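Participant: Sequence:
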Amino acid sequence: IAGIIFQESHAGAVLKDSWGDPGNTFGLVQWDNAEANNIQNYNKLDTGTTHSYVNNVDARANFYKRIGY
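Using this note's numbering, you'd call the opening residue of the sequence shown number 1 and step up by one each time.
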């Protein structure tokens with residue numbers, strides 16, 4: 001969960017009054033319908049994104065695990 005939260009909102013640092021993506025997404029996870037409709041399955045999680053979402057989340061999650069969170 002921490003990996004997703006950091007990937008989506010940098011743990012809240014990039015939010016304005018809890019809103020991100022110029023007012024289209026809300027909260028730490030920043031989930032919106034465009035992303036939900038984009039995901040087909042885990043193997044295609046990066047489809048339609050501009051970055052390696054899975055690798056970024058995995059790396060951040062492993063970092064938090066390594067430091068004891």
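Incorrect hints may appear among the rest.
[What the hints assert, rightly or not] Below 25 Å or equal to it, Euclidean Cα-Cα: the simulated SDA-like pairs (lysine to any residue) are:
#	residue 1	residue 2
1	Lys16	Gly27
2	Lys16	Arg60
3	Lys16	Ala2
4	Lys65	Tyr53
5	Lys16	Phe6
Bear in mind the hints are in silico, worked out from the structure with no lab data behind them. These numbers come from a predicted model, not from an experiment.
Participant: Look at each hint and say if it fits the structure.
Facilitator: Against the structure, the hints come out as follows:
1. Only pairs whose Cα atoms come within 25 Å are accepted, and Lys16 paired with Gly27 is accepted, the gap being roughly 10 Å.
2. About 23 Å separates the Cα atoms of Lys16 and Arg60, which keeps this hinted pair within 25 Å; it holds.
3. A hinted pair counts as satisfied when its Cα atoms are at most 25 Å apart, and Lys16 with Ala2 qualifies at roughly 20 Å.
4. A distance of roughly 18 Å separates the Cα atoms of Lys65 and Tyr53; the hinted pair therefore holds under the 25 Å criterion.
5. Between Lys16 and Phe6 the CA atoms are separated by roughly 15 Å; this keeps the pair inside 25 Å, and the hint holds.
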